[in-house]
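**Q** Sequence:
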Amino acid sequence: MSCVRLTSVLLFVALSSLSATATQANSLSRRVETIPWLDYAGIESVARDSLPKGIDRRALADSAAGYIAARESSSSTPKCKKIEKRKEWRQLTRGEKKDYIRAIKCLQTKGNYGISAPTDTLFDAFTQACALADKVHTTNFLDFHVNSAFLPWHRWFGWIHSQAMRHECGYLGTIPFWNYSMDYKNPTGSPIFSKDPEIGFGTHGTIIRNEIGQGGYQVDNGAFANFKVNIPAPHYLTRNFSFWKDSDPDGVWGYQLGESYSPQKVDWVLTSPTFWDLEVNVEGLNVTGYFGIHNSLHYMNMGDWNGPGWVNNTIWASNGTAAPNDPVFWPHHQNVDRVFWTWQQRPGKQWEYNGYKSSDFIRTPSPDLPPPEPAHPTDTLPFYGLGPDIPVKLALKTENWPMCYTY
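Count the sequence shown with mature numbering (1 follows the signal peptide of the UniProt record, and there is no 0) and you get residues -25 to -1, 1 to 382, in order.
Read the hints as simulated data drawn from the structure, not as lab findings.
Note that the structure is a prediction, hence the values are computed from the model and not measured.
Do not take every clue at face value.
[What the hints assert, rightly or not] Below 30 Å or equal to it, Euclidean Cα-Cα: the simulated DSSO-like pairs (lysine-lysine) are:
no.: 1; residue 1: K62; residue 2: K203
no.: 2; residue 1: K240; residue 2: K80
no.: 3; residue 1: K85; residue 2: K160
no.: 4; residue 1: K56; residue 2: K73
no.: 5; residue 1: K332; residue 2: K57
no.: 6; residue 1: K54; residue 2: K372
no.: 7; residue 1: K240; residue 2: K203
no.: 8; residue 1: K85; residue 2: K60
no.: 9; residue 1: K170; residue 2: K160
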């Protein structure tokens, strides 16, 4: 089987094992405890201002002690005190890289405010949001993949993670992105995967580990050497950069992986005429094998970072994806966000949002089934306790409060 076909099969099997449609988040924000460093009242205020009158805002936050009083006493919508300019990983100083990695590892020592039932660390809470969260025998994967929610959901998800690093672990630096288009001819040779014990994310390691997924290697070098993660079960951080090479000795898959996020391909994606076209092109939804700016980085690694394909045919298959287990997930997705931000700088694109609310658009058309439901800026993005659920519109402009950053 060619690797193109193999990739298609992996993703098809993964998607088939998930819910046929994304669960729409139209209920109260699911959390046990309020995260103390999030301004719920402020977020409610800006969300209220961004929505037309009459929209049900119950999903923005559930009741918490003092919440209603704080909201009522808020006299104005919060504004950014300053705008953070994010940098490419290679632009950070050694000290900045070291502190960024320290803060990510620090989250594994912090409590999660009751967000993630399987474990009690804040690091795991972010992985749990991409896995089971509060569902039973299903996964959240299609709530924010293969539909219009993908880009704004991951943008807000990354911002919440950055706030956790700052407020829980004292991180003061900028949030970096990894422009992997610079490395498209040899992504695993990127300096981000350095073995440096202080500033490197490490390679795929040398110790074979098969207990969770389909086979990988314990990361045993770099700053995350022998780093333990807990979703779907306790294990060492695992990667396998050789998977695609071993599965495709003629190198075709490796070539396609790199070409799918080359500088030329990114430039082409940025010409997408509509938001939905951008989503399709970023996720590669119109390409055999689903190669795209986003997916191809996951595909090159059969390990924690791979996503749903890694746990196929295991007892953990229903978890969907544990990709945030791998810390490189964060600079990877910040780069996806940078592409989204860059596209939004085109005239008239800042607030454009359209497409579909679920993955139903990829099914075979049938007169017995309703047409796919269109997406709207007032749709709700679910975060499973990582702060309040929010309307899409709140995630469309990074320079607005509370995100307050640019590229």
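**Q** Please work out if K54 and K372 have their alpha carbons no farther apart than 30 Å.
**A** Holds, at about 13 Å.
**Q** Verify the proposed pairing of K170 with K160, using a straight-line Cα cut of 30 Å.
**A** holds, 20 Å
**Q** Need the status of pair K240, K80: alpha-carbon distance at most 30 Å?
**A** violated, 33 Å
**Q** With the threshold set at 30 Å, check whether the alpha-carbon distance from K240 to K203 stays at or below it.
**A** violated, 36 Å
**Q** Given the hinted pair K85 and K60, is their Cα-Cα distance within 30 Å?
**A** holds, 27 Å
**Q** Is the straight-line distance between the alpha-carbon of K332 and that of K57 30 Å or less?
**A** Since the Cα atoms of K332 and K57 sit roughly 33 Å apart, the hinted pair is violated (cutoff 30 Å).
**Q** CA of K62 to CA of K203, is that 30 Å or under?
**A** Between K62 and K203 the Cα gap is close to 28 Å, so the pair holds against 30 Å.
**Q** Just to be careful, I want the Cα atoms of K85 and K160 compared with a cutoff of 30 Å; is the pair within it?
**A** violated, 38 Å
**Q** Can the restraint linking K56 and K73 be considered satisfied, given a maximum Cα separation of 30 Å?
**A** Holds, at about 26 Å.
In this structure, the hints that do not hold are numbers 2, 3, 5 and 7, in rising order.
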